[in-house]
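Please construct the entire structure, taking both the sequences and the accompanying hints into account.
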Amino acid sequence: QVQLVESGGGLVQAGGSLRLSCAASGSIVSTSFMGWYRQAPGQERAFVARISSGGGTYYADSVKGRFTISRDNAKNTLYLQMNSLKPEDTAMYYCSYGVPPRYWGQGTQVTVSS
Numbered sequence: 003q004v005q006l007v008e009s010g011g012g013l014v015q016a017g018g019s020l021r022l023s024c025a026a027s028g029s030i031v032s033t034s035f036m037g038w039y040r041q042a043p044g045q046e047r048a049f050v051a052r053i054s055s056g057g058g059t060y061y062a063d064s065v066k067g068r069f070t071i072s073r074d075n076a077k078n079t080l081y082l083q084m085n086s087l088k089p090e091d092t093a094m095y096y097c098s099y100g101v102p103p104r105y106w107g108q109g110t111q112v113t114v115s116s
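The working numbering numbers the first residue of the sequence shown as 3 and each following residue consecutively.
Source of the hints: derived by calculation from the structure; they are not laboratory data. Computed from a prediction, not measured in an experiment: that's the story for all the values here. We put the beta carbon where it would ideally sit given N, CA and C, even for glycine. Be aware that one or more of the hints could be misleading.
To be verified - SDA-like mimics (lysine to any residue), calculated; alpha carbons at most 25 Å apart, straight line:
| # | residue 1 | residue 2 |
| --- | --- | --- |
| 1 | 88 | 108 |
| 2 | 66 | 43 |
| 3 | 77 | 55 |
| 4 | 66 | 29 |
| 5 | 66 | 90 |
| 6 | 77 | 108 |
| 7 | 66 | 3 |
| 8 | 66 | 56 |
| 9 | 77 | 25 |
| 10 | 77 | 32 |
| 11 | 66 | 114 |
| 12 | 77 | 21 |
| 13 | 66 | 89 |
| 14 | 88 | 47 |
| 15 | 66 | 94 |
| 16 | 66 | 102 |
| 17 | 88 | 33 |
| 18 | 66 | 27 |
| 19 | 88 | 43 |
| 20 | 88 | 46 |
| 21 | 77 | 12 |
| 22 | 88 | 32 |
What the hints assert, rightly or not - Label pairs and their calculated CB-CB ranges:
| # | residue 1 | residue 2 | range |
| --- | --- | --- | --- |
| 23 | 115 | 76 | 33 to 41 Å |
| 24 | 116 | 57 | 29 to 37 Å |
| 25 | 18 | 55 | 28 to 36 Å |
| 26 | 43 | 9 | 17 to 25 Å |
| 27 | 72 | 48 | 31 to 39 Å |
| 28 | 56 | 102 | 16 to 24 Å |
| 29 | 42 | 5 | 20 to 28 Å |
| 30 | 86 | 47 | 29 to 37 Å |
| 31 | 111 | 74 | 17 to 25 Å |
| 32 | 44 | 13 | 13 to 21 Å |
| 33 | 66 | 12 | 33 to 41 Å |
| 34 | 90 | 31 | 32 to 40 Å |
| 35 | 77 | 16 | 29 to 37 Å |
Structure below.
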């Protein structure tokens, strides 16, 4: 079992920044992919970004150039730096473990006001 706990969400104005964190615990395998997904009201959960153990990164087109995913394997922590935020980035953000995701966090809300 893997437990994931997100933090760092909040309310921010358009153009602002937030940094999300995800603390992982349990049966962690350092070689596993970890990632971020988001779900807006009335929409399906959507891929945002993922990162390999070696640091290889993949992004949804909608966030390329604005979001940066990173991880600290020693701390079992995943990050998502979000810059130039837009109102359409408003969603619940979920941390994931594995590809396809086998474990999910409880989510952290990000709200971007115009």
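Practice task
Would you mind confirming whether the straight-line C-alpha gap from residue 77 to residue 21 stays at or under 25 Å?
Solution key: Distance of about 16 Å is within 25 Å: holds.
Exercise for the section: Please work out if residue 88 and residue 32 have their alpha carbons no farther apart than 25 Å. Expected result: Not satisfied, since the Cα-Cα distance of roughly 33 Å exceeds 25 Å.
Practice task
Please work out if residue 88 and residue 108 have their alpha carbons no farther apart than 25 Å.
Solution key: 23 Å, holds
Exercise for the section: State, for the Cβ atoms of residue 86 and residue 47, whether the hinted interval 29 to 37 Å holds or is violated. Expected result: Distance hint for residue 86, residue 47 is violated at roughly 23 Å.
Practice task
Starting from the range 29 to 37 Å, see whether the pair residue 116 and residue 57 falls in it by beta-carbon distance.
Solution key: Holds, since residue 116 and residue 57 (Cβ atoms, about 34 Å apart) stay within the stated range.
Exercise for the section: Kindly confirm whether 17 to 25 Å is satisfied by the beta carbon distance between residue 111 and residue 74. Expected result: 23 Å, holds
Practice task
Using the Cβ atoms, figure out if residue 66 sits within 33 to 41 Å of residue 12.
Solution key: 23 Å, violated
Practice task
Below or equal to 25 Å on CA atoms is what counts here, so check residue 88 against residue 33.
Solution key: Violated. Residue 88 to residue 33 sits at ~33 Å, over the 25 Å cutoff.
Problem - Hint consistency between residue 77 and residue 12 [alpha-carbon to alpha-carbon, up to 25 Å] - result: 23 Å, holds
Problem - Restraint check for residue 66 with residue 94, where alpha carbons must lie at most 25 Å apart - result: Distance ~19 Å between residue 66 and residue 94 Cα, so the pair holds.
Exercise for the section: Would you mind confirming whether the straight-line C-alpha gap from residue 88 to residue 47 stays at or under 25 Å? Expected result: 18 Å, holds
Problem - Hinted pair residue 77 and residue 55, Cα distance within 25 Å - result: 13 Å, holds
The structure does not agree with the numbered hints 4, 7, 17, 18, 22, 27, 30, 33 stated previously, though it agrees with the rest.
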